[in-house]
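Here the protein sequences line up with chains A and B, keeping their order.
In terms of our numbering, the first sequence has 300 at position 300, counting the first letter as 1, and numbering is strictly consecutive.
In terms of our numbering, the second sequence has 1003 at position 3, counting the first letter as 1, and numbering is strictly consecutive.
If you are wondering where the hints come from, they were derived from the structure by calculation, not from laboratory data.
Hints should not be assumed to be uniformly reliable.
In silico lysine-lysine, DSBU-like type, Cα no more than 30 Å apart, as pairs [stated by the list, open to error]: (1) A:Lys373 <-> A:Lys400; (2) B:Lys1208 <-> A:Lys373; (3) A:Lys169 <-> A:Lys267; (4) A:Lys169 <-> A:Lys129; (5) A:Lys53 <-> B:Lys1031; (6) A:Lys277 <-> B:Lys1208; (7) A:Lys53 <-> A:Lys233.
One side of the interface only, derived from the structure: several residues of chain A facing chain B at Cβ under 8 Å [as the list claims (entries may be wrong)]: (8) Glu40; (9) Val45; (10) Ser111; (11) Gly112; (12) Ala142; (13) Asp145; (14) Gln146; (15) Leu150; (16) Asp221; (17) Met223; (18) Thr224; (19) Gln226; (20) Asp250; (21) Ser251; (22) Asp252; (23) Thr253.
All figures in this text were calculated on a predicted structure; none of them were measured in a lab.
Every residue gets a Cβ at the ideal spot worked out from N, C-alpha and C, and that includes glycine.
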Amino acid sequence: MFETLSDKLGGIFGGLRGRGKITEANVQEAMRQVRTALLEADVNVEVARDFVKRCQEAALGQEVIKTLKPDQVMIKVVHDQLVELMGPIESRIPFVSQPPTVILMAGLQGSGKTTTCAKLARYCQMRGKKPILVAADLKRPAAIDQLEVLGKQLNVPVHTERDHQNPVKVCRNAVHAARKSDRDVVILDTAGRLAIDDELMSEVSQVANATRPHQIYLVLDAMTGQDAVATAKAFDARLELDGAILTKFDSDTRGGAALSVKAVTGKPIKFIGVGEKLEALEEFHPERVAGRILGMGDVVTLVEKAHETMDAEQAQKAQEKMAKGTLGLDDFLSQLEGFRKMGPMKQVLKMIPGMGDALKNVDLPESELNRFKGIIHSMTPKERANPDRIEASRRRRIAKGCGCEPQEVSALVKQFLNMRPLMKMMAGGGIGDRMAAMQSLGNMGQLQAGQVPKIARGSTKYDPRKADKIRKKRKRSRRRK
Amino acid sequence: MGLFDFIRKGLSKTREKLVSGLRAVLPFGRKIDEDLLDELYVAMLAGDIGPATADRLQDEIRAAWKAGKLSEAQEILAFLKDTIAGTWTSGDRQLARAESGPTVIFVVGINGSGKTTSVAKLCQFLRARGDSVLLGACDTFRAAAIDQLTIWAERLGVDIVKHQPGSDPAAVAFDACEAGLARGVDTILIDTAGRLHTQDHLMAELNKIQRVVQKKIPAAPHEVLLVLDATIGQNAVNQARSFAEAVDVSGLFVAKLDGSAKGGIVVSIHDQLAIPVKFIGLGETPEDIRPFDPGEFVEALFESEPEEVNK
Ligand SMILES: Nc1nc2c(ncn2[C@@H]2O[C@H](COP(=O)(O)OP(=O)(O)OP(=O)(O)O)[C@@H](O)[C@H]2O)c(=O)[nH]1
Ligand SMILES: Nc1nc2c(ncn2[C@@H]2O[C@H](COP(=O)(O)OP(=O)(O)OP(=O)(O)O)[C@@H](O)[C@H]2O)c(=O)[nH]1
Ligand SMILES: [Mg+2]
Ligand SMILES: [Mg+2]
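Model the full assembly from the supplied sequences, consistent with the hints where possible.
Below, the structure written as structure tokens:
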């Protein structure tokens, strides 16, 4: 099974718990593991090498705090370094005081430029701006149509000159026209080009010279491998980038390209694209991507996603309860329902630390979820709020109600009660608490991949039809009495 | 013109002479030692061959060295070529053909990998060998995707079956097969929407297209080509695995090899999943397609190394 970085480091520092300092000898082996983790996450070889050096320096001589294991200290060091290198966040687009603000988007073929242009137009619109999109990809078949369709969806005008061959002219015209209109943001969608294609790289720098954009963004696929560095460098050399936008972050990429790009250009990652829809644009959070790169999942996004799909009030309540440690099974159920709305369970659970790769081979089936639901639905509201009060006779009643075995009920309750304090730590608490909670959650995931919370295998599956039958039978017998 | 020349030509129009990466690690006469094996490992990683496969290859070289089969640096490239390329038999790389009636080829992959352009390329390739071809515009989702394929159909002078944007892709595929059968074409190329391998419902959609197509042509699809962008990193292995779970991926089409990316990830995919590469894409026009040649590929993989990273 997949070994996470934390497992590996745990192995290396095995006997060191609670005493001594992290020394050169054990740090070296640890750093090899860190390097492999980075490489597996597609961080560029050279960048990884430099990064590991930094971490090594930062780690040496760190006291092993009593409560934390050395491997945890190490992970924290690496994590913090990653966050520091990838940050700070710089998501605001600086609009100029004398409009229009001109934004140029460039990147390799198929990286997501056209879609991201439309996403940015929407972003500007939401901030009260009046953007215009400019179709400057005169090369790819139907590139202009694509931008027009997207513009129409947003009600944003699109500047097109279909009989032109020269994108420099089109862009210049568009900016001129915008100056005379009420449009205050001009977004230039350029054709995809290879970093090594001199001719096309000159063309895009001519566009830049002709339009003097206030912001120039590189659009890069978050799944890019080692090539991210060569690409980012070449575009930065020609265009003096203001930032990068990493697309397709909704995939299960570990996202090492983010570190590579930041390391070689020093320019901030402005946004990330997380879907094909035009609202799927998010701020870049170094902490989350750091977690992904290290294979520790993405807890914050998980929690946030859950909140987005639950309604706001419900979310607020759940958050408070989570912090107080009084989360009930009802809340748990609505979280699960929320997860369901977010899409396949498996993908959501992948974000839990340590679950990521463990889950790959295990299907956390919807049927399992249905089983939880069946059990929870058979409880009274009081029981749901206070699952710790469910004793044997209640357990039997609940089991009957949903057509399962009493052990399944107790397993669910037990798992839930185990999770509750961890959720509490996650919701409140400082970094130390959260790290510890993440670790424990992660360990839970590894011990019981696909069983969150899992009920004894081999026991009867919850079958809604069967449950219904039992329920009806009981009703009938009651009526007869 | 082979891939090597082709890439050279692509590069020469652009940038200064490249440093010879692996060759720099492997100068004539240098004796093999652990340091060299380490440098080699890094060179493989720089080409996107992931840690797992690079490790394995390094082990094989080490074993051959210890066994006295290799001793000097210059022997390594040939050894690597054999080791990597030897696993690609030529039979693997042929396009499948229907025993009778039209051959149906699905072209699938994640967003923006190069599917639609690769369909145009395959169309050109097949027509050059005398096949009649029909295109099915089954990306009904992305803005102007149908227009894009329509333009290619017009330029290439082939028929296309398409519906309205937003319509059911399986229905389009079904109609394409019906039209292909009626017109007696040799090959039906199905362009599909980009989908992430993590989107289970979209992977299920592929499966549905397959089922619906089989109502018309039971043995279809005869070929499912997964288009991978050469710039992609380790995630490609996840992609290949997930796509292969949903439909029988029979080969890879590696697009955008004309860039600075090495596409070394296909070595890992072949190593771990045994899916052969069938074609490579080397540009944006329909002519920019080549059948895959493992020897040339391995050569190109090690030809250069990325420039030093600025600190
Ligand atoms: N899942 C996902 N798909 C995306 C994202 N951004 C863009 N896409 C998809 O990626 C594909 C390519 O996007 P485009 O916007 O056409 O890319 P482009 O860079 O303009 O492409 P060219 O103009 O051909 O170079 C499309 O299918 C988009 O829907 C994202 O953040 N997530
Ligand atoms: N340089 C180069 N560009 C390519 C190659 N193949 C495709 N492209 C370009 O990559 C971009 C995306 O190609 P498409 O064929 O639209 O990709 P797709 O997978 O159909 O994209 P979606 O349908 O949006 O998912 C376009 O700009 C193509 O011109 C190639 O081999 N080399
Ligand atoms: Mg575009
Ligand atoms: Mg397409």
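Quick rundown of the hints versus the structure:
1. Of the pairs offered as hints, the one joining Lys373 (chain A) and Lys400 (chain A) holds, with about 14 Å between alpha carbons and a cut-off of 30 Å not exceeded.
2. Our distance criterion of 30 Å between C-alpha atoms is met by Lys1208 (chain B) and Lys373 (chain A), whose separation comes to about 29 Å.
3. Taken as a hint, the Lys169 (chain A) and Lys267 (chain A) pair is honoured in the structure, with Cα atoms around 28 Å apart against an allowance of 30 Å.
4. This hinted pair checks out: Lys169 (chain A) and Lys129 (chain A) have alpha carbons roughly 25 Å apart, not beyond 30 Å.
5. Distance hint between Lys53 (chain A) and Lys1031 (chain B) is fulfilled; the C-alpha atoms sit about 29 Å from each other, no more than 30 Å.
6. The suggested pairing of Lys277 (chain A) with Lys1208 (chain B) holds, with an alpha-carbon distance near 23 Å, which does not exceed 30 Å.
7. Between Lys53 (chain A) and Lys233 (chain A), the direct Cα distance comes to roughly 22 Å. Compliance with the 30 Å bound is thereby established for this hinted pair.
8. Checking Glu40 (chain A) against chain B: minimum C-beta separation of about 6 Å stays under 8 Å; hint holds.
9. For Val45 (chain A), the shortest C-beta to C-beta distance to chain B is roughly 5 Å, which falls under 8 Å, so the interface hint holds.
10. Restraint check, Ser111 (chain A) versus chain B: the minimum CB separation of about 7 Å is within 8 Å; hint holds.
11. With 8 Å as the threshold, the beta carbon of Gly112 (chain A) comes within range of chain B, its nearest partner Cβ sitting at about 6 Å, so the hint holds.
12. The beta carbon of Ala142 (chain A) is positioned within 8 Å of a beta carbon in chain B (closest approach about 4 Å), and the interface hint is therefore held.
13. At about 4 Å, the closest approach between the beta carbon of Asp145 (chain A) and any beta carbon in chain B falls short of 8 Å, and the interface hint on this residue holds.
14. Taking 8 Å as the C-beta cut-off, the interface hint given for Gln146 (chain A) holds, the closest approach to chain B being about 4 Å.
15. Satisfaction of the interface hint for Leu150 (chain A) is found here, the shortest Cβ-Cβ separation to chain B being roughly 5 Å, below the 8 Å cut-off.
16. Hint status for Asp221 (chain A) relative to chain B: holds, with the closest Cβ pair at about 7 Å, below 8 Å.
17. A least Cβ separation of about 4 Å between Met223 (chain A) and chain B falls short of the 8 Å threshold, and the interface hint therefore holds.
18. Here the hint on Thr224 (chain A) is kept, as its CB sits about 5 Å from the closest CB of chain B, short of 8 Å.
19. Because the beta carbon of Gln226 (chain A) sits about 5 Å from the nearest beta carbon in chain B, less than 8 Å, this interface hint is met.
20. Satisfaction of the interface hint for Asp250 (chain A) is found here, the shortest Cβ-Cβ separation to chain B being roughly 6 Å, below the 8 Å cut-off.
21. At about 5 Å, the closest approach between the beta carbon of Ser251 (chain A) and any beta carbon in chain B falls short of 8 Å, and the interface hint on this residue holds.
22. A distance limit of 8 Å between C-beta atoms decides the matter here; for Asp252 (chain A) the minimum to chain B is near 5 Å, and the interface restraint holds.
23. Here the hint on Thr253 (chain A) is kept, as its CB sits about 5 Å from the closest CB of chain B, short of 8 Å.
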